[in-house]
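Between the sequences and the hints, there should be enough to build the whole structure, so can you do that?
Chains as they are written, first to last, in the numbering used here: chain S, 1 to 265; chain P, 266 to 589.
Read the hints as simulated data drawn from the structure, not as lab findings.
Restricting the straight-line Cα-Cα distance to at most 25 Å, the calculated cross-link-like pairs of lysine-lysine (DSS-like) are: (1) P:K497 x P:K404; (2) P:K497 x S:K108; (3) S:K246 x S:K102; (4) P:K588 x S:K261.
Facing chain S, a subset of chain P residues (Cβ under 8 Å, in silico): (5) D409; (6) P411; (7) C420; (8) I421; (9) Y440; (10) V442; (11) Y447; (12) T449; (13) E457; (14) T477; (15) E557; (16) V559; (17) E560; (18) E565; (19) R578.
Ideal Cβ placement from N, Cα and C applies to all residues, glycine included.
Take a look at the letters that make up each chain.
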Amino acid sequence: MRSILLLLTVCVAVLGGSAHAQSSRPGDIPRLANGKPNFSGVWQSLTTANWNVLTHGASAGPPEYGALLATPPGYGIVEGDSIPYLPAAALQQQRNYASRFKEDPELKCYMPGVPRANYMPYPLQIFHSDSHLLFTYQFAGAARIINLGAPQPSAIDSWMGVSNARWDGDTLVVDVSGFNGQAWLDRAGNHMGPALHVVERYTLVGPDAIDYSATLEDPQTFSRPWSMRFRLLRNPDTHAHLMEFKCVPFTEELLYGDVYKRPQP
Amino acid sequence: MRTIQLLFAALPFALACSAVHAQTARTPWGHPDLQGSWSNATLTPLQRPADLKDKEFFTPEEARAWVQQRLAATSADANLERDKASGNIGSYNDAWTDRGNDIVPTRRTSLIVEPANGRVPPFTAAAQREHEANLAHAKAHPADTPEDRYLTERCIVFGGGAAPMLPEPYNNNYYIVQTPDYVTIMAELNHEVRIIPIDGRPHLPTDVTQWTGDSRGRFEGDTLVVETTNQKPHRHFYGVQMLDSVMSNDFRVVEQFTRTARDQIRYRATVYDPVFTAPWTVELFMHPQAGELVEFACHEGNYGMRGLLSAVREEERRAAEGKR
Chain S
1 MRSILLLLTV CVAVLGGSAH AQSSRPGDIP RLANGKPNFS GVWQSLTTAN
51 WNVLTHGASA GPPEYGALLA TPPGYGIVEG DSIPYLPAAA LQQQRNYASR
101 FKEDPELKCY MPGVPRANYM PYPLQIFHSD SHLLFTYQFA GAARIINLGA
151 PQPSAIDSWM GVSNARWDGD TLVVDVSGFN GQAWLDRAGN HMGPALHVVE
201 RYTLVGPDAI DYSATLEDPQ TFSRPWSMRF RLLRNPDTHA HLMEFKCVPF
251 TEELLYGDVY KRPQP
Chain P
266 MRTIQLLFAA LPFALACSAV HAQTARTPWG HPDLQGSWSN ATLTPLQRPA
316 DLKDKEFFTP EEARAWVQQR LAATSADANL ERDKASGNIG SYNDAWTDRG
366 NDIVPTRRTS LIVEPANGRV PPFTAAAQRE HEANLAHAKA HPADTPEDRY
416 LTERCIVFGG GAAPMLPEPY NNNYYIVQTP DYVTIMAELN HEVRIIPIDG
466 RPHLPTDVTQ WTGDSRGRFE GDTLVVETTN QKPHRHFYGV QMLDSVMSND
516 FRVVEQFTRT ARDQIRYRAT VYDPVFTAPW TVELFMHPQA GELVEFACHE
566 GNYGMRGLLS AVREEERRAA EGKR
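Here it is, written out as structure tokens:
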């Protein structure tokens with residue numbers, strides 16, 4: 001019995017040692033045991049793209065919230081700083097903008113869709129092993145299983161789409177489709193439809209930074225494919241992990257308040 | 266030179282280790298590999314049905330008969346006409362439900378293995394009073410606001426998405442991903458992801474509570490042990506298997522995940538909450554499931570909540586009219 005215990009102890013030491021043997025040199029990127037880049041970590045973008053993916057100045061929020069809900073200014077993330085909408089889609093964006101404080105899916109705690117989930121002002125956390133890959137988002141607890149195996153078609157239309165990944169050298173290329181077309185791109189009402197097809201590229205450019213780009217194709221909404229790019233930065237706090245942000249309870253009065261039973265005055 | 270000597274010294278151990286490790290699939294960093302798609306669907310109920318009295322296990326013959334009877338009794342399709350006659354307009358059909366086709370492989374008559382009677386222990390006297398007050402409130406206020414309704418109806422938490430992970434009537438599918446520092450368990454229901462750090466970091470401060478609590482894990486031998494605290498108390502917490510319960514701030518669950526076979530994870534969870542007169546333990550088994558998890562966008566499609574609240578308002582309006 002004692003010899004088995006000893007053996008197990010040594011096993012832990014040997015295996016633990018082999019895991020630590022992959023520790024990287026400065027400037028290197030973290031890698032999995034199979035040599036692929038390791039995207040595990042808590043990440044967040046430093047953009048203001050969730051307010052508007054295009055370059056925008058500051059603007060007011062609902063008056064009762066003063067500066068609290070104002071839109072901060074920022075440079076855009078879209079190549080060429082314009083979205084090639086078809087005429088009807090451009091009008092839809094204007095209608096969305098006008099009703100943004102009522103109709104933005106974010107307001108209702110709906111899942112943010114792709115690519116919006118990646119540049120919300122909240123963290124995302126990636127869990128990456130040699131065989132599996134899971135993206136989790138703090139906002140609304142959205143999640144994406146990233147399929148590393150043979151590509152799978154989408155079984156149903158969904159908010160976050162179906163993600164099939166492949167490697168292009170050290171770049172993770174994720175093909176996302178099967179959307180329901182209800183997500184927006186930002187709080188400014190930029191949008192897309194159910195025909196959306198997104199190709200994302202994730203490239204570690206150091207231990208703590210991912211260069212992200214996405215090409216969006218939707219012939220029902222856009223006159224041509226277009227791209228966005230920005231950087232995701234690692235939260236270096238070793239205790240950082242996503243906490244629960246279940247926003248559903250915060251939206252119930254907003255969504256159903258008109259059919260509440262109110263105490264009689 | 267010393268490195269080479271060490272290498273040779275380690276070699277026999279490495280070979281012996283590979284023999285030990287052959288029994289359990291391992292991640293590259295040496296943890297038991299629990300990753301992939303699993304299901305915990307089962308026909309075994311949480312609590313032992315009263316008519317089974319002190320019968321803890323079925324014989325194989327009894328199990329076969331009970332499974333057939335249970336499948337027949339729970340089939341919405343087969344019972345459509347009977348349900349209609351009793352005023353049930355029907356909801357989920359058999360294509361939707363996912364109770365599995367068998368009981369747990371131990372042939373136990375309940376998921377609860379402790380206490381031995383297979384039942385959730387009684388509440389303490391104080392908790393019983395709270396429970397009765399909750400029931401009275403629910404009767405008087407069935408749907409004033411969503412907060413009167415179950416967490417599942419509100420798309421906040423389902424039984425499978427938090428500790429203890431109890432099966433629900435549908436979508437009992439899970440997806441596990443591991444890294445050296447985390448085990449994550451995604452439940453298909455409500456796209457819940459349990460993020461479980463296993464690197465020894467402390468729990469959240471006690472005054473920070475979450476709907477799914479705060480879980481910390483560790484491997485004890487080949488068993489993943491997960492302790493969950495910081496639970497936001499709620500009377501509708503445990504999913505449909507245990508509605509209208511009571512919960513305290515000291516709620517704590519200890520779970521054990523053990524890959525007992527290539528096609529099996531044994532799951533045990535013990536609930537410690539001073540509202541109960543004793544701790545209680547469930548045991549169930551997860552099996553690999555083919556196919557991908559699909560997105561369960563519950564809140565985004567929750568037309569039922571508006572329908573329910575507005576229907577109750579209409580009933581109240583008619584009742585008030587009738588009184589006039």
